[in-house]
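Trainee: Kindly generate the complete structure, drawing on both the sequences and the hints.
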Amino acid sequence: MNETLPAGETIRVDIWSDIACPWCYLGKHRFDAAVRAFREQHPGVAVEVESHSFELAPDTPLDFSGSEIDFLVRHKGMPAAQVEQMLGQMTELGATEDVEFRFRDVKHANTQRAHRVLHLARDRGVQAEVQERLFRAYFAEGENMSDADALARLGAEAGLDADEVRAALDDEAYGEAVQRDIVRARQLGITGVPFFLLDGQYGVSGAQSAEAFANVFDQVLGFQRGDAPAGTV
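So for the sequence shown, full-length UniProt numbering puts the first residue at 1; every next one is plus one.
Hint data in this document are derived by calculation from the structure and do not stem from the laboratory. Since we're looking at a predicted model, the values are computed, not measured. Check the hints yourself; a few may be wrong.
Unchecked claim - Simulated DEER-style distance windows between Cβ atoms:
1. ASP149 - PRO58: 21 to 27 Å
2. ALA167 - GLN187: 39 to 45 Å
3. GLY189 - ASP98: 31 to 37 Å
4. ASP149 - GLY125: 20 to 26 Å
5. SER65 - GLY226: 55 to 61 Å
6. GLN187 - ASP161: 31 to 37 Å
7. PRO79 - ALA148: 30 to 36 Å
8. ARG225 - ALA80: 50 to 56 Å
9. ALA167 - PRO79: 39 to 45 Å
10. ALA173 - LEU93: 36 to 42 Å
11. ARG184 - ALA156: 28 to 34 Å
12. GLY125 - ARG166: 18 to 24 Å
13. ARG225 - SER65: 50 to 56 Å
14. GLU9 - ASP171: 32 to 38 Å
Positions of the beta carbon are idealized from the N, C-alpha and C atoms, including for glycine.
Mentor: In structure tokens:
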């Protein structure tokens with residue numbers, strides 16, 4: 001959703017998320033629905049969105065082999081019954097909002113490479129499309145987010161050049177961009193994702209409902225216009 005914007009009023013939203021975060025996937029769908037509704041109500045106001053990198057499990061071995069369930073049970077030490085219940089609830093919640101989770105098919109992976117692809121996608125103006133494709137591939141199609149061939153193919157499906165994707169995986173400039181996002185998140189005190197920062201000063205944490213996001217947009221627009229006192233939304 002990183003796009004060329006018309007002159008006039010603009011709300012900027014910076015979002016920190018991770019491809020391996022189910023709440024981030026659900027939150028993206030809710031947020032996108034809120035943006036569509038807000039644009040219908042305020043056609044003259046642009047919403048500029050940029051996604052930023054956050055790694056929920058940077059300690060995931062690059063060669064980890066197993067499902068999301070395996071990772072949480074074996075690597076994180078969570079009780080299997082608790083994991084099954086938690087992921088079952090997440091699956092049901094996603095189904096109510098057309099977000100498919102197939103956790104038994106998920107190949108849990110270190111997402112560093114996927115984040116590099118998202119930075120390339122930002123530079124090419126297709127970040128939202130690529131992010132959506134990677135979310136769906138990870139949570140519903142069993143794709144490996146650390147596999148170069150898979151990332152090149154998925155990136156190409158969403159508007160990137162496959163050769164550019166492969167090059168980005170070894171480009172340290174993109175690796176540094178990922179780390180800058182993570183450092184900035186730490187400076188802002190972000191400890192969990194998704195996290196939304198509007199106009200650089202109003203923070204919203206978690207996968208809020210579409211209605212809640214729409215209300216926040218209205219408040220921020222009011223702050224910009226001087227219709228409401230500035231403060232924390």
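Trainee: For every hint, state whether the structure bears it out.
Mentor: Status of each hint after checking the structure:
One distance hint, 21 to 27 Å for the beta-carbon pair ASP149 and PRO58, holds here, with the actual separation near 23 Å. Here the CB-CB span from ALA167 to GLN187 is close to 30 Å, at odds with the stated 39 to 45 Å. About 32 Å separates the C-beta atoms of GLY189 and ASP98, a value consistent with the hinted range of 31 to 37 Å. In this structure, ASP149 and GLY125 meet the distance hint of 20 to 26 Å, their C-beta atoms being roughly 24 Å apart.
For SER65 and GLY226, the hinted distance range of 55 to 61 Å is satisfied, since their beta carbons lie about 56 Å from each other. The beta-carbon spacing between GLN187 and ASP161, approximately 33 Å, falls within the hinted interval of 31 to 37 Å. Taken as a hint, the range 30 to 36 Å holds for the pair PRO79 and ALA148, whose Cβ atoms sit roughly 35 Å apart. The hinted range of 50 to 56 Å is satisfied by ARG225 and ALA80, whose Cβ atoms lie roughly 53 Å apart.
One distance hint, 39 to 45 Å for the beta-carbon pair ALA167 and PRO79, holds here, with the actual separation near 43 Å. Between ALA173 and LEU93 the CB atoms are about 38 Å apart, so this pair conforms to the stated range of 36 to 42 Å. Evaluation of the 28 to 34 Å hint for ARG184 and ALA156 yields a pass: the beta carbon distance comes to about 29 Å. Here the CB-CB span from GLY125 to ARG166 is close to 19 Å, well matched to the stated 18 to 24 Å.
Taking the beta carbon of each, ARG225 and SER65 are about 54 Å apart, inside 50 to 56 Å as hinted. The given range of 32 to 38 Å is respected by GLU9 and ASP171, whose C-beta atoms sit roughly 36 Å from each other.
Of the numbered hints stated above, the single one contradicted by the structure is hint 2.
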